Each structure stands twice: as C-alpha cells, then as structure tokens.
Amino acid sequence: TQLLEQSPQFLSIQEGENLTVYCNSSSVFSSLQWYRQEPGEGPVLLVTVVTGGEVKKLKRLTFQFGDARKDSSLHITAAQPGDTGLYLCAENNDMRFGAGTRLTVKP
Amino acid sequence: GAVVSQHPSWVICKSGTSVKIECRSLDFQATTMFWYRQFPKQSLMLMATSNEGSKATYEQGVEKDKFLINHASLTLSTLTVTSAHPEDSSFYICSARDPTSGANVLTFGAGSRLTVL
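So the protein lines, in turn, are chains X and U.
This note's numbering applies: residue 1 is where the first sequence begins, and numbers increase by one.
This note's numbering applies: residue 1 is where the second sequence begins, and numbers increase by one.
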C-alpha cells in the first residue's frame, strides 16, 4: 500500500501571504490528484498531474509534480480567506488519501 | 459534470439503532463506489469499496457486520451503520468515478454527518 505523507499538517497564515504544502509518497505515483475540502462538504478535485516535472497553474495555485513522480507540491500565492480548507493528495488509482494539510487564512 | 448525491445530510439517532445512508450517482452509472469516514480535523479514511452486484471489499479494521454496504444498482450504494454507538458518530462520505469521463476523477458526495446519542 502506498503511503502518502503530507506536510505541514496544519498551517495558519494571514491573508496575502504565500504558502507551499507538500505531498510525498513511498513509491512512484502513476498520477496524483489534489483535492480541497471545506468544512461539512465533500472534497473537490483541484488538479491531476501525470508527467514527472509537470507544472500546472490554477489561478493563484501552482501545482508541481516531482521529476521522479514521488512527490508533489501546491503553492498558493497571496492567500485569501476563501482558500481555507483541508488540502488532500491522492494517488489516482488508489482511493486512499494523505492526512491532509489544514489551511487557515486569516483576514 | 458528474454529480454524486448523499442522503441524509445529517442524522441523529439513539444508541442501538441502525442508520442507512444513501449514495447516488445522478448522471452516470457507477459499478464501484467508495465509502469514507472522517473524524473531526482528520483526513478521509477509506472504509470500503462498494461493488455493484457483489460483496463490498472492506479495508482492514472495518467491521463488515457493523457497516453493511449494499450496491444494488448502478446508481445507488447504501451504507447501514448497525447498532450504532456514540463512537460511530462521524462524517461519512461516498465517492464514485464516472467511467465515461476519461479523466479518472473521483466525485464526492457532500457527506452525511451522523451523531449517535
């Protein structure tokens, strides 16, 4: 079973700050997905990365997939309170998630 | 896009009773659905894989007699928490993949919050 580690576990920042969260695997990802979950709701897909070294941008969010496809990062520029939530990564063919990073952006 | 609906959104029950949660794929057929459990401030933990027309596959440590899963049609899976106890109080979420989307994306329901008194 692939082990997913996410860091940091908790992150609290002020509005306007930048941040990066990480997802690391014990084995190679076939592809990786990032989700965001808001309180009381189900997770929503943000992005799927497939190719080693791939970079995808979604407005203020930048996703990187490591060259070796064992790690990924999510960078948020100028964070806003609306970015608050639990950020989860998951291997595309496995239904299991990492422990997540719980982000709080204070106004 | 694909939509997964859960019902009820929240339920309160007395200890010892059973509670059924429904998960429906609204605009696609899902031969497989997934049930998760989430405690406060924690991540989603996969409980079981629900297979249409056959038995569910449970994750290690999940009691199959406690959490009964039925996937009787291509659009409906149900999770029944039998003889519920306060420690079963949790947020239960289901998900499914639309096999026609080509994107291999999991679509999640909005979750069902169970409180056992």
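Just so you know, the hints here were simulated from the structure itself, not pulled from any lab data.
Among the clues, some could well be false.
[To be verified] As a list, the in silico DSBU-like pairs of lysine-lysine whose alpha-carbon atoms are at most 30 angstroms apart:
| id | chain 1 | residue 1 | chain 2 | residue 2 |
| --- | --- | --- | --- | --- |
| 1 | U | K41 | U | K14 |
| 2 | U | K20 | U | K64 |
| 3 | U | K66 | U | K20 |
| 4 | U | K55 | U | K20 |
| 5 | X | K59 | U | K41 |
| 6 | U | K55 | U | K66 |
| 7 | U | K20 | U | K41 |
| 8 | X | K57 | U | K20 |
| 9 | X | K70 | X | K59 |
| 10 | X | K59 | X | K106 |
| 11 | X | K70 | X | K56 |
| 12 | X | K106 | U | K14 |
| 13 | X | K56 | X | K106 |
| 14 | X | K56 | U | K41 |
| 15 | U | K55 | X | K70 |
Computed from a predicted model, the values in this text were never measured in an experiment.
Hints versus structure:
1. K41/U to K14/U: Holds. K41/U to K14/U sits at ~24 angstroms (cutoff 30 angstroms).
2. K20/U to K64/U: Given that 30 angstroms is the threshold and the Cα spacing comes to 14 angstroms, the pair holds.
3. K66/U to K20/U: Measuring from Cα to Cα gives roughly 12 angstroms; hence the hint holds.
4. K55/U to K20/U: At roughly 17 angstroms apart (the allowed maximum being 30 angstroms), K20/U and K55/U satisfy the hint.
5. K59/X to K41/U: 27 angstroms, holds
6. K55/U to K66/U: The hint holds at about 14 angstroms.
7. K20/U to K41/U: Distance of about 24 angstroms is within 30 angstroms: holds.
8. K57/X to K20/U: 40 angstroms, violated
9. K70/X to K59/X: Roughly 24 angstroms separates the two Cα atoms, so the pair holds.
10. K59/X to K106/X: Holds, at about 20 angstroms.
11. K70/X to K56/X: 16 angstroms, holds
12. K106/X to K14/U: Answer violated: K106/X to K14/U is near 38 angstroms, above 30 angstroms.
13. K56/X to K106/X: 26 angstroms, holds
14. K56/X to K41/U: 28 angstroms, holds
15. K55/U to K70/X: Given that 30 angstroms is the threshold and the Cα spacing comes to 33 angstroms, the pair is violated.
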